[in-house]
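Q: Next come the chains, spelled out residue by residue.
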Amino acid sequence: MVVQSITATGTGVDGAARLAARGVSVGYGTRSVIDGLDVAIPPGVITTIIGPNGCGKSTLLRTLSRLLRPTGGTVVLDGEDIAALRTRDVAKKLGLLPQAPVAPEGLTVSDLVARGRHPHQSWLRQWSSDDADVVRRALAMTGVADLADRPVDSLSGGQRQRVWISMTLAQGTDLLLLDEPTTYLDLAHAVDVLDLVDDLHESGRTVVMVLHDLNLATRYSDNLVVMREGAVLAQGHPRDVITADLLHEAFGLRAKVIDDPVGDRPLIVPIGRTHVELDRREPELSR
Amino acid sequence: MKADGAQAAGDVKARARASVAPGVRFGGMSFVWRPWVAGVTLLLAVAGFLLFCLSIGVGDFPIALPRVVATVFGGGEQVDQFVIMDLRMPRALAGLVVGVALGVSGALTQSIARNPLASPDVLGITSGAGAVAVFLVTVSGGAATAVTDAVGLSAAALAGGLGTGLLVYFMAWRRGIDGFRLILIGISVNAVMQALTTWLLVTADIRDVARAQAWLVGSLDGRSWDEVRVALWCTLALLAVVACVAFQFKPLHFGDEVAAGLGVRYGAVRAVLLLCAVLLAGVAVSAAGPVPFVALVAPQVAMRLARCPTPPLVASGLVGAVLLTGSDLLARTALPVSLPVGVVTAAIGGPFLVHLLVRANRR
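Protein sequences appear in the order of chains A and S. Counting with this note's numbering, you get residues 1 to 287 for the letters of the first sequence. Counting with this note's numbering, you get residues 1 to 363 for the letters of the second sequence.
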């Protein structure tokens, strides 16, 4: 069923993918985190990598973005081995937002977003009117234009994350990699940031992100990559991928998957040990 | 919520238009135009030059400021030319060069560690150079004397600073450089170097101790043209390297990962700049001895004057020059006894460090 869904959405066609990992192995020191992993990122949609803590989600994203060098296999960006490309050329094609970035105290929003133009600048051309236009558009698109003169550290967590996404936008890439963009945000701000990410994808960008919250991942992505212990367990549209069996296999989580009352995606209702009505606990009790 | 955001974005488009920094074009070049930073930098340059001229004018044979300026620019009377160019210029120039070197060095180390406490003094570079110099002065005979004779005390001190700097860097390296780790290891190495220096001083012959002490305080006394010329060219060469790499350095203020995302080879850029910072500090120490606190204070003062969130390189160098030249002037004129410049910079820098720490604690 998973295989069918992959071909149905076209994600299995490696040639169409702008970014793909082929037989990639990654480790820190002697510890291997990912071993021989294949994944292709379909263009123009939001792909979200989910999986239990320590399964290698962030490691995969960091490898796809060239932050980590794989010990085996290759990451392919637009048909070329990403390791063979110049750092600067990668930055012109692929925008990356690491987890919980920190700006120097007192730096203003517009100065931070302006730094996103760095890959397009040189020693002699440090700032042009083009740069200014792109920065203004990035500020407006993320709804932080009215904060442009404020220091980044004076903003709320949600606003700050919008500003960082704005910086990544100013980079002018149509491929965005976001490592847990909703970390430290309350649910309302997390939804707000993900709405923004969805706007970006609507305007034609390919987004790859790592999320912890399964229901937000299901709601906001067109393609889920489910990982466990450094390998891809399933990949495809949330409607096809998210099942109670898969959740149990990937996370060891017992859950009921129901129709989302406000959307067309599945909704995951976790079943824990307590605070659950008796009939739901039956499978455990009968054991 | 989304609609609100869009509306707000529309409302303030006009305001946002003004708030993105304007650019300035100069031939094929273009830069961000920040009038405040440019103004402060210009004022600092003027202040540095005036202090430089004042410092030349002061002495047993006082020379008025206009005559000093005229002579520095190649004019002036013959008597003035001799006193200024041959006698007083080396000392004044050493003040400028050492100040700039320390200021830029401090700005680089503080930026790399992303911590205002990281300066060549704290990271052990200065005390490493000092320990080597004291060793060569106090341990006479044999290899030590041979080294001193062969390369000179200044060059040996520079090598000591460089060696200590590299030692700290490699010990702090663990899949990248973490600011706190760098500072903690720097403080430890600094303590070891100072203990070594103290041990050498305690066990040495009393006449050697006097010579070593004079060197350790940091002073601009009795600089010769030869010494100053070497320091000047080394500093200019290092500043040229820093200027070339500085543009690539800007994204590093946001951490390694963001910098990598913006296309910066952060490992290489940081290694080059840290090496430059260590060498600049080493050149300064070998020219004037370990003048304390200038490298720590100058970037912090420059940041506050120029209203920058990170240490501005040019302004930091200029503040260093102003601070060192001004302190030297103060040490020679305002006090009844002529003091080495290091005493004055410590007297100014110490309280400022306390002020920084108290402010940091209150946050």
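No wet-lab data here; the hints were simulated from the structure. Certain hints may be false.
As the list claims (entries may be wrong) - Partial chain S-side listing against chain A, Cβ under 8 Å, derived:
(1) Ala21
(2) Gly23
(3) Ser30
(4) Phe31
(5) Val32
(6) Pro35
(7) Gly39
(8) Val264
(9) Leu305
(10) Pro309
C-beta: ideal position from N, C-alpha, C; glycine also.
Q: Each hint needs a verdict: does it hold in this structure or not?
A: Hints, verified against the model:
1. Ala21: holds, 7 Å
2. Gly23: holds, 4 Å
3. Ser30: holds, 5 Å
4. Phe31: holds, 5 Å
5. Val32: holds, 4 Å
6. Pro35: violated, 14 Å
7. Gly39: violated, 18 Å
8. Val264: holds, 7 Å
9. Leu305: violated, 14 Å
10. Pro309: holds, 4 Å
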